[in-house]
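Colleague: Residues per chain are reported as follows:
There are 2 protein chains.
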Amino acid sequence: MNHPPRRIALLAFPRVTLLDLVGVYDGLRRLATMNVDPEVTHQIIGTEAAFTDDSGFPLRPESVYPSLDAFDLLVVPGGFGTRALGDDPRFVEWLRGWGSERPIASVCTGSLLLGHAGHLTGLRATTHHTALLELRPFCREVVLERIVDEGRVVTAGGVTSALDLGLHLVAKYWGAEARKTIATQMEYRGS
Amino acid sequence: MNHPPRRIALLAFPRVTLLDLVGVYDGLRRLATMNVDPEVTHQIIGTEAAFTDDSGFPLRPESVYPSLDAFDLLVVPGGFGTRALGDDPRFVEWLRGWGSERPIASVCTGSLLLGHAGHLTGLRATTHHTALLELRPFCREVVLERIVDEGRVVTAGGVTSALDLGLHLVAKYWGAEARKTIATQMEYRGS
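Protein chains in written order, with the numbering used here: chain A, 17 to 207; chain B, 17 to 207.
The shape of chain A in the complex, shown without the other chains:
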């Protein structure tokens, strides 16, 4: 078990896959609501003030391009919007500014964004099964798994693996018992 992060940021952007975000959010937010670790806070951060996911779901993040200094763990979901962001120098520099010390995690094609910002260099990583080839230039090895834990950097596979990632991070930083408590409340039955 690692030293647990206290201030979690979850990224949202235009054309995000909302379940990528909410699937990992649900496990992590319960650290506070279920009193597993009442000191944990989270914030939905975004690249714009108001936008929609890939199917018209209205989203308004709590902050826009905040200073990343305020957070200890960053979660990056995927979606069609990752293609535009990967080509956006402002976004890529901002994400690069996360640095190489603090933990960062992605779901689905969110790993492409981690790749663009240099966070996957020399590492194994995964993504949605249709985007494996796209991920190749950014990392040492692309693998088809639901969770690839390289220590500081954890990448997850497509969409539903967001739920696995949330619970994986709970176990990694808060322990197996915390994971079990939260998974039971979620009626999670994956592995």
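It is worth saying that the hints were derived from the structure and are not from the lab.
From a predicted model like this one, the values you see are computed outputs, not experimental measurements.
Some hints could be false.
[As the list claims (entries may be wrong)] For each label pair, taking beta carbons as the anchor points, the in silico distance ranges come out as: (1) B:Gly191 <-> A:Arg205: 39 to 47 Å; (2) A:Asn51 <-> B:Thr68: 18 to 26 Å; (3) A:Gly138 <-> B:Ser83: 53 to 61 Å; (4) B:Thr200 <-> A:Asp53: 30 to 38 Å; (5) B:Arg140 <-> A:Ala100: 42 to 50 Å; (6) B:Glu193 <-> A:Leu149: 44 to 52 Å; (7) B:Arg156 <-> A:Gly138: 55 to 63 Å; (8) A:Arg205 <-> B:Arg140: 18 to 26 Å; (9) A:Gly206 <-> B:Arg106: 34 to 42 Å; (10) A:Pro153 <-> B:Gly113: 34 to 42 Å.
Backbone N, C-alpha and C fix where the C-beta goes; we use that ideal spot for every residue, glycine too.
Chain A is fixed; fit chain B onto it per the hints.
Modeller: What follows is chain B alone, placed relative to chain A:
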């Protein structure tokens, strides 16, 4: 396979469990985005213009207390906010106005709302495992299952069963092949 609904409404309200909503939304929204049935539309409808889920996630539905005449299928998620809504006569009458012809589905404690509005009378139903006793007065039989399909009314269990419900509704109205296509894209591995 039943005659498929075309206009889907997904309810949001203060202190909703966001994954209840987004878990079922992800399967259903893909009917259009993946061109399985391009005529299907959906709308996030709400009881207020702006509010948060149970952990501060900002939500702004596309319409507030819309006429339910505009929809063919209604999805009701759960969350701590169901307790206040169940005691709100305006809400209960509005939900009762859905009538007894069109399909309606719930996730988690959303079934308590269906119960308050009389939609579970004489039926088997389920809810989150901690709320089974609360559901008892509203239905013929409470069962601990992930999906309880009573024909027009389908109830699902806690939180993660939202994903099962979305795919169950896809199979029920659009067929097993549609379900398989969408589940594969979601990298869903539940039963």
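Colleague: At the C-beta level, are Gly191 of chain B and Arg205 of chain A separated by a distance inside 39 to 47 Å?
Modeller: violated (25 Å)
Colleague: Is the distance from the Cβ of Pro153 of chain A to the Cβ of Gly113 of chain B consistent with 34 to 42 Å?
Modeller: At 55 Å between Cβs, range violated.
Colleague: Between Thr200 of chain B and Asp53 of chain A, is the Cβ distance one that fits in 30 to 38 Å?
Modeller: With Cβ atoms ~36 Å apart, the hint holds.
Colleague: Tell me if the beta carbons of Arg140 of chain B and Ala100 of chain A are separated by a distance inside 42 to 50 Å.
Modeller: holds (47 Å)
Colleague: Given a hinted range of 18 to 26 Å, is it respected by the beta-carbon distance of Arg205 of chain A and Arg140 of chain B?
Modeller: About 21 Å separates the Cβ atoms of Arg205 of chain A and Arg140 of chain B, which means 18 to 26 Å holds.
Colleague: For the range 44 to 52 Å, tell me whether the beta carbons of Glu193 of chain B and Leu149 of chain A fit it or not.
Modeller: violated (27 Å)
Colleague: Does the Cβ distance between Arg156 of chain B and Gly138 of chain A fall inside 55 to 63 Å?
Modeller: holds (60 Å)
Colleague: Starting from the range 18 to 26 Å, see whether the pair Asn51 of chain A and Thr68 of chain B falls in it by beta-carbon distance.
Modeller: holds (19 Å)
Colleague: Given the hint of 34 to 42 Å, check if Gly206 of chain A and Arg106 of chain B actually sit that far apart at their C-beta atoms.
Modeller: At roughly 39 Å between Cβ atoms, Arg106 of chain B and Gly206 of chain A fall inside 34 to 42 Å, so the hint holds.
Colleague: Could you say whether the range 53 to 61 Å given as a hint is met by the Cβ separation of Gly138 of chain A and Ser83 of chain B?
Modeller: For Ser83 of chain B against Gly138 of chain A, whose Cβ atoms are near 57 Å apart, the range 53 to 61 Å holds.
Hint compliance for this structure: hints 1, 6 and 10 are not met, and every other hint is.
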